[in-house]
Amino acid sequence: MIMMSRNCIPLRISLGVEPPLHLRIALVGCGKAAENHVQQIQRVPGAELVALCDREPIMAEQLGIRYGVRHRYSDYTKMLARERPQVMHIATPPQAHLDLAARAFDSGCHVLIEKPATCSSITTERLLSMAESAGRKLTVAWTHFFDPIARDMRQMLRAGAIGEVVHLNSHFGYDIAGVFGKPVLADPDHWVRGLPAQVLYNVADHIFNKIVEFLPSQDPVVESLIWPSQSFGDDIASEMRVLIKDGQATATAVFSPRIRPVLHRFQVFGTEGSVELDFISGVLSADHPPRHRTALGALLSGYGDAWRRFQYASRNVVRISRGEFGYFSGLRHLIQSFYRSIVQNEPVPIPYHLILKVSRLTDRVLLRPGGEGCKDRLSLTA
Amino acid sequence: MQGQTEFDCLVTGATGFLGRALVAALLLKGASVRCLVRESSSNRLLLLSGPAQPSRPQILCGNLLSPVHTCQAVEGVRVIYHLAAEMRGLPATIFAGTVVGSKNLLQSILRARPQRVVLVSSLNVYGLANVDPGTVVSEDFSLDERPENRDVYTHAKIWQEHLFREYLAGSGIELAILRPGFIYGPKQSQLPARLGFTLGGFLFHANARTPLPLTYVENCADAVVFCGSEKQAGNQAYNVIDDCPPTGLEYLDQCRRLARAPHMFPTPFAGLSLLCYLNRLGNHWSAGEIPLALTRYKAASSWRGHRFSNQKLKSLGWRQPILTKEALALAFPRPLPTEQSVELPLGSAA
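Heads up: the protein sequence lines correspond to chains A and B, in order. Residues are numbered in the working numbering as their position in the first sequence, beginning at 1, plus a constant of 645. Residues are numbered in the working numbering as their position in the second sequence, beginning at 1, plus a constant of 44.
No lab work stands behind these hints: they were computed from the structure. If you're wondering where the values come from, they're calculated on a predicted model, not measured in any experiment. Certain hints may be false.
What the hints assert, rightly or not - The calculated lysine-lysine pairs, modelled on DSSO-like cross-linking and capped at a C-alpha distance of 27 Å, are:
1. K827/A - K231/B
2. K358/B - K275/B
3. K677/A - K723/A
4. K369/B - K231/B
5. K356/B - K275/B
6. K677/A - K358/B
Excised from the complex, chain A in its bound form (with noise of 0.2 Å):
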């Protein structure tokens, strides 16, 4: 059901029971994006996680202990074999990507693949066509590309309410203490930084998945700088902004690891009105002109903006009542859409060509031609 309202800002709130979609899954690579994974796989009415794999039998082992699953591998061979699993979900670092799904491909498996999906847009190439020769469906973990304010962005915009797209801004800030860049800066070897552009790579899905559906062409205008900056260390690549322009409309991209608060921050600017989409509170504003040019329609204007803000917020206490408020909430919508893509044999939930732009776009970006590191790239702004 999606209520929409006066402001033209909807809500997506299922009061339908989803028909249970049953579904053997298998799950490997069982490190840190794992654990979402398994949280959402066991919230999806029907699916039944039936096995764990990794190379290190520990790691397989406590997540199979914490979360109930009772067949644990080391070798994914035979866990493919004697697990039989209809969909398999790559939560591997993404070196290992197109190898494991081609073997789940080869064991009929549809896979759902943590992102990166690979290191660079020609292996992302081969791992499509691999899906599209094998009859398999595949898709990526974009996890934020379906948390309800990026769904209730899209029902928005659809309806007009913005009018026409002229600039985005997709900001992800970084927090180098935190549970994720912490494992990397303490560890040399850790796998982050064995990919072409180390953190940046990581997280460039995050930053362009937001922007790609907004841009026509497959071959937009891009420029960027990327630099090290202090916090990470002279080594790694962290600070990075990217001017994009395709046809009219514009975008720019920015990754920090030193703004603070880290904000992880969406904005759409139409003709019409602009919509700011703030991914750490689930918070959706829409910001349109005033309707009285006085300093009492300014004043106005300021409570109008809080009001809506306040009424969206409330709102997302439905949504958490329901299970569809969280930071893993889009994952868990995305998970359940491809299920829902395999039994009914519907599109997949993010088209190929999606996947292929966004790996494109971070190849160009983060990559020179011949696909050599960024580190190349640092004299730039030296």
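Here the structure of chain A is known, so what remains is to put chain B in place on it, guided by the hints.
Same frame as chain A, now just chain B:
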């Protein structure tokens, strides 16, 4: 890397609160010490600049998750003090840092064959959920058999203990396991978990009048050194707690003097049980979005006023070098009264 040199001991987790005190204590006893520290650790320089140290430790930068590093670290070492554990972060980080890291270390230990391994575990490993309040807990009590129902850190520590026993059984390498209570000392900003449940700057304080199982950081370091060298200490587990510890209220009073204490609500166990129930309701209401941070099992394990015995360690002859009263004075120094502050004469600053 001077891997060929013989070292008396290896300390993992050397840059931590206890680790720094342990390294200082070992150096004072004239031991040659190798420390395995993370390259990113900002505390590693502190190890080289400790006060009144007769010698310096060898710093080996590495990570327990790398078998190459653990092999280098244990080479030519007589006693291994394993303190390293991941206390914070996501569950995967805690298990990897604490359990997988221990497994790598143990595999290296079996090849290098040191004389003794001292594992610093935790007093939280006991399964006390169904043990009567006020019971005195000794080392004979069994470990928690349902560790997954506790917090992730405790789960990982229990697993770590099992792993050490399993790997070293029948190897001929002596294993001493130490289970310290809450380690306190100067600049320790954390509060003992056994004080109660903390939520948003408020402490729901249980068992205000029960003695807290505490150990002053230097006393604990001394106990660790003792168990590394005492002949009789091998193949046993020991609680490490100071004598005459303060009650929860007394400890909070000390904290309050340094403005470290949160707002406190004295809460009987029934009150904590009610909080557990409300947490469970919230968890159900939000379909799991509100985490189940507080369960009755956890509450019963930690806040039913159990007492802990240190008799086993004392029966070997260990005595805490700093009395509890003195230790509390060192940990919570009284600020100088303003009227007694010394005013320097003009011009003397130069």
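Hints, verified against the model:
Taking the CA atoms of K827/A and K231/B, the gap is near 22 Å; set against the 27 Å cutoff, the hint holds. Simply put, K358/B and K275/B have alpha-carbon atoms about 14 Å apart, close enough for the 27 Å limit, and the pair holds. The hinted pair formed by K677/A and K723/A meets the criterion: a straight-line CA distance of about 23 Å does not exceed 27 Å. Simply put, K369/B and K231/B have alpha-carbon atoms about 17 Å apart, close enough for the 27 Å limit, and the pair holds.
Among the hinted pairs, K356/B with K275/B is consistent with the structure: their alpha-carbon atoms are about 14 Å apart, no more than 27 Å. A threshold of 27 Å between alpha carbons decides the hint, and for K677/A with K358/B the separation of about 42 Å lies outside it, so the pair is violated.
Against the hints set out earlier in the document, a violation occurs for number 6 only.
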